[in-house]
Every structure is written in C-alpha cells, then in structure tokens.
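**Student:** As given, the protein sequences belong to chains A and B, one line each in that order.
Take my numbering: the last position of the first sequence gets the number 403, and nothing is skipped along the way.
Take my numbering: the last position of the second sequence gets the number 685, and nothing is skipped along the way.
One or more hints might be untrue.
[Stated by the list, open to error] To be clear about the criterion: a stretch of chain A counts as covered by chain B if any three or more of its residues have a C-beta under 8 Å from a C-beta of chain B, and this derived list gives those stretches:
| # | stretch |
| --- | --- |
| 1 | 20 to 27 |
| 2 | 86 to 100 |
| 3 | 107 to 117 |
| 4 | 123 to 137 |
[Said to hold, decoys possible] Lysine-lysine pairs mimicking PhoX-like chemistry, simulated, CA-CA at most 20 Å apart:
| # | chain 1 | residue 1 | chain 2 | residue 2 |
| --- | --- | --- | --- | --- |
| 5 | B | K526 | A | K155 |
| 6 | A | K271 | A | K305 |
| 7 | A | K233 | A | K198 |
| 8 | A | K7 | B | K526 |
| 9 | B | K626 | B | K482 |
| 10 | A | K200 | A | K61 |
| 11 | A | K271 | A | K303 |
| 12 | B | K444 | A | K155 |
| 13 | A | K233 | A | K7 |
[Stated by the list, open to error] Between beta-carbon pairs, the in silico distance windows are:
| # | chain 1 | residue 1 | chain 2 | residue 2 | range |
| --- | --- | --- | --- | --- | --- |
| 14 | B | Q453 | A | K7 | 43 to 53 Å |
| 15 | A | K304 | B | Q453 | 48 to 58 Å |
| 16 | B | L668 | A | L37 | 47 to 57 Å |
Read the hints as simulated data drawn from the structure, not as lab findings.
Note that the Cβ used here is the ideal one computed from N, Cα and C, for glycine as well.
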Amino acid sequence: MGDTAIKVEGVSKKFCRRLRQAMYYGSVDVGRGMMGLQADTGSLRPGEFWAVRDVSFELKKGETMGLIGPNGSGKSTLLRLLNGIYQPDAGRIEITGRVGALIAVGAGFHPLMTGRENIYLNCTILGMTRGEIDKRFDDIVGFADIGEFLDSPVKTYSSGMYVRLAFSCAIHVDPDILLIDEVLAVGDLAFSVKCVEKIKEFKGQGKTIILVTHDPGPVKRVCGRALLLEKGKVSLDGPSGAVVDSYMRSQTKPDGPGESQARRWGTGDIKITSATFLDEDGRPANGAVQGSPVTAVLEFEAKKKVDGPVFGMVFRDHKGEVMSIVNTRQSGPPLSVEGDGSIRLSVDAFNLTPGMYAVTVAVYDSDRLYPFDELRDICSFEVKDAGLDNHGLVYLPSRWELS
Amino acid sequence: MNDRFVVYEPNQRVKMGFIKGWREMAGNVAGSRELVWQLFKRDFFSNYKQSFLGIIWIFIAPVVAILSWVFLSAAGILKPGDVGVPYPVYVLLGGTIWGLFIGVFSTTARSLTDSGGMILQIKFPHEALVVKQMAQTVAAFVINLVLISAVLLVFSVAPSWKAVFFPLAVAPLLLVGAGLGMIVSVISAVAHDFEKAVTACLGFLMYLTPVIYSAKAEGGLIKAVVYLNPLAYLVGGARDLILYGGMESPYGYMASAGMAAAFFLFSWRLFFLSEHKVAERL
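Same shape as in the complex, but just chain A (with noise of 0.2 Å):
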C-alpha cells in the first residue's frame, strides 16, 4: 500500500464491433460466468478488439494526472475500469482510498422530485451516508447555486441549473481519489471556472485526480502528470508540459488554412463584429511583406460592462502548429469594455517566416479560462518574402559587427 493510490498493471479490455456477435459472446461469457466457469479473456475472438490494451501506470497519493488521446482511444473505458464498472479481462488494478467519479453527472435524477430529494437520492447512490448528506446539504446547495428552486420539480430547472446541481451532488462525495470525465465542459461557463476552482482545492487537499479529456489546456495547467492514450495503448507518460505538446504535433491536420472552416464559440457577452487587416496606408489588406508593420483592427459588441477581457489573435502555420499568440494583456494594463466598440493591433515588424498562416481571434476572461468569443481560423494571412533569405520559424532582426 503504501503511498501508492492507483496501481494499474497490464490492464486490458476487449470489446466487440458487431451487435450480433456481441450478443452471441456476452451470452456465452454470462453463461459461463452462471456456471461458475472463468471466461476466456486473453485473447480475442473474430470481431472483437482492445478498447484498452495493456496499460500499467502507477499513481502516488496526491498526485494529479491527465488522461488524454483522441476520441476512441480507450480513455473512457481505462476510467470506466478504475471506477470497478467494466470489469478488466487481463491485469490487476489496486486502488487505496475512496474514489468519486465525475463520469458523468446527474445519475438516477428524477425529473419529478425536488432539488432537495434529488440531492439525497443522488448522494445516497454515489456512496453517502445520509448523515453525511445530512451535514454537506448547505455545502451541496450553496455551490449549486439553485436558491428558491430548491423544492421544485427538478423538471422546472434550466438545463443549466440541473447540471450545476448534479455536479454539486458529485463533487461533494469527498473521495481520496478523484475521477474527473470531460465534466469542464458541462454547465455554463462561469460554472465551469467555479469547478476548476474547486479541482484546484482538491488538489490542495492532497487528493488524487485523474482527469480525462480530449481538450489538453486544463490538463497542461491543472496536472503535473499525463498520460497519452492511442488505440488503448499507453503511448506517452511523463510531464503534462511535453505530453502535451507531443499530443498536439500529432493531432493538427493538414489542410491548409484557407480550407479551414470557421469555427466560433464563446458566452457572447462580447462579440467580435469583425477583424480587419490594413496595410500602411490603411487600406484592407490580406498579406504583408516580412518585416513590415502590420495593423489590424477588431470591432466588438459588448452587451454589458466587461471588467478585465483579454483580446487576442491566434496565427497558425499549414500543419496547425501556433506560431505566435498577441493579446492585450502582453501589452498594457487590464481593459475594461461595454457596448459597441473597436481595437487596434499594432505589430512593428511582422516577423513570421513567409508562408501562408491562419488567423484566429478571440477575447477571453480575465484569467482566460473560457472565451467571450472566439472565432478559430476566421481568415488567411499571407507573409510575403522580402528576401531577407531568411529559413527557420521567424526573422529575428539583426546585425553583426566585426572587429
């Protein structure tokens, strides 16, 4: 035991693509599990496959590790089995301490019970006593933040009041081991700051998390340990910074960016109208040579008074790769915005080596955490070669003085 909490050792876990076959085996396996019999697991019959294949990892108490890999890759499955619903069909896993799992929330909510019954229906099934319920009831509704809802039908909830009451119920089982699924993006945005808020004091409190997601910033700021998962296998451990990255590298496609489709996200509490370039004189450009002045102007909508936004511009080469992230924040002190307005970018020498980049823009919160607005890959920008003969990333101004 020890200071170890999970203890994963050659986990496996096979699943089966086709429907007929999957009855056709799980009736076998469940037969033979009624006769007593162990079911043959090793190996895999015709038209099955690993959903999670041989993974071993192991977590020291207070330890916060990120699970990440592409959609498919086992991530899902691997927390499914260290929360003891799939049972593995090869490997051992040893788990110390309590585990809560905020797989996903609201679990057995009836739409016709109160917030107040719910709360108890649903902490009884995630494992509470109902002296504990008892006790953390104010803690529960407090952080829901449901005020006189509390004894109406939960089917009288906004979609939003629901969630934050389910994940209330979930994050206050007080485990020693943490599960966490994706859950950041539940909920309205300001709920899911509060919910990071909250991971960060478990972390605090010495507990173990597991957080599993496919959006790799919160596990580049909130573990200090990740895991890449690809085809259910283990192909990456060590710090979050670089597995990360690596995860990134293979993950960007290879359209180029003038394909790209525009994507666009965000409360809407400011809105970008629209991004300009200009050229010297002004006039609305879609390039520049390297090494000019560039400018460009953002035109927002404020609907209420915004303390603190940070407004940004993402360019990305041909691979998806950032080669260079400017916002306001690097520049000058916090903004505060309300209604119709416009900002100006000014970069002195646009330095990027030349190529094709795409362009995003965006405003964040303050601590940007989540954005007002942001519109991914909104337009091209062109850097034209000025013959600087210059290879690499970006022109770095220069001079060299012999003596």
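Based on the hints, put chain B in the right spot on chain A.
**Tutor:** The following block gives chain B in isolation, referenced to the frame of chain A:
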C-alpha cells in the same frame, strides 16, 4: 487512516470462492439499505406523481382483470368449478397472489436494463436495484390487500384467523418471481429475446395454475398438470389460508416452498457471478 483497498481482476467473482462470495452478496444487500430506500421512494411515489388518480391506479388494473373473469364466469363461458366462496372473492385473491408473482418477475427482470445509465456511470451494488424492484411490487401488493379486505367485507366472507400468516405464505412466490427475474435481467441485457420468451410462457403458465379456477375443477389433464405444478401449491396454499384457514395439501406446499427458496438462492448466485458482464452490454 483506514483506507479502503480494492482490487479489480478478470473473473474476480468466479475466483472468489463460495463462502467469500456469499459473504459479499449478503454484504451488498445489507450495505445498500439506504440506497434501496431512496431508489424506492423515487420510483414508487414518482410513478404516481403526475397523475390525477395517483395511487388509486394500483387498484384499477386488478379490478378490471377481475371484472373480466367474473363476466366470463357469469356468462357461462368459464366454468371455474366449485370454489366454496363467491367467485369474485376467489378470483380476486387468486389474481392478486398471481399478480404478485408476475409483478415481481417482470420488475426484477428489468432491474438492470432500466437503470442502464446509472450502472454505466456509478459503481454500486446492483443487488440494490433488484431489491428495490421487489420492494415496489410488494408495496403495491400490500396496498391491494386493502382492496381484498373491502371485497371480503362486501361479500361477507370472514377470513380465518390464520390469515395473519398470509404474508409468510406468499413469500415463496416472491422468491420464485425474483429468482426468475434476476436470471432474466442478466440475460436480457445481452439479448432481449429471453425476457419476451419467459413473459410469454408465464402468460400460459397462469392457466396451468388454479388462479381463476378451482384446483378441484373437472378434467383429468388439468388435475395432472396442477398436481405437478409447484406454483399451484404456492398460489393455492396462500389463498386457502385466507378463505378456508388451512391448506389442502400442506406437504405439497412445503415442498414447493423449499424448492422456491433453493431456486432463489441459486438464481441470486448466478446473478452475482454474471451481472458484471452487463455493464459492457448496455
């Protein structure tokens, strides 16, 4: 700190051994009392929440069924034989007792599939779902006893004092229903055919059991079938206890009750050994 320490391995429950397995099975049920109560509250009361008649619906289905049997018998189509008490009383009792068996079976058979979402998200002893489903049917049954008392009163049939043992007398039927339901719940999570097949068979089985007719009804074939059918002793025994204050064949009843208990334990064991496969088939 007394940290919990758990291990997950392939074929864990099969390898666990007999005694340890039973200890865990009992622990699963004992440890989930609060969970059963919360789930019961959710499903039993909320079933009737968004409805004007509410809990009265528990009475309506059996009353309609019984009226149809009474109609058939009054029209002379059905010859139930000499039952010794007014036929509506007889069929109401038989129907309610049989309804307990069918009700427990059909609710427990759905215990895993109905809660699929929960099973996939949270780790908890799944026996709790079975117990909750049983409790729901038993609660409806208890409420139906009110209806039975009212009907006994209307037809001025005085039950024997031995009727106080009635809850005990129907217990074996509960065990058979739950046992069958548990097996079906696991198998039907994998392939849905099984539940449909068993449900169809049980519909036929009712006619092979003296529910709507007397065990003393004429016809050699019926007599032979009823003689060999353990359910006939369980249904008949429980009904006789109320109506006549004794059982026609106490030994037949006791043998059947023993079989019912054994079957229940056997099914529970099968459930325990195989239900972990259900999560990945949902």
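**Student:** Each hint needs a verdict: does it hold in this structure or not?
**Tutor:** To see whether the hints hold, each was checked on the structure:
1. 20 to 27: holds (count 4)
2. 86 to 100: holds (count 14)
3. 107 to 117: holds (count 6)
4. 123 to 137: holds (count 6)
5. B:K526 <-> A:K155: violated (25 Å)
6. A:K271 <-> A:K305: Given that 20 Å is the threshold and the Cα spacing comes to 13 Å, the pair holds.
7. A:K233 <-> A:K198: violated (30 Å)
8. A:K7 <-> B:K526: Roughly 19 Å between the alpha carbons, so the hint for K7 (chain A) and K526 (chain B) holds.
9. B:K626 <-> B:K482: holds (15 Å)
10. A:K200 <-> A:K61: Cα-Cα ~15 Å, so holds.
11. A:K271 <-> A:K303: holds (8 Å)
12. B:K444 <-> A:K155: Holds, at roughly 17 Å.
13. A:K233 <-> A:K7: holds (16 Å)
14. B:Q453 <-> A:K7: 43 to 53 Å: holds (48 Å)
15. A:K304 <-> B:Q453: 48 to 58 Å: violated (39 Å)
16. B:L668 <-> A:L37: 47 to 57 Å: With a Cβ separation near 20 Å, L668 (chain B) and L37 (chain A) fall outside 47 to 57 Å, so the hint is violated.
Comparing the model with each earlier hint shows violations of hints 5, 7, 15, 16; every other hint is respected.
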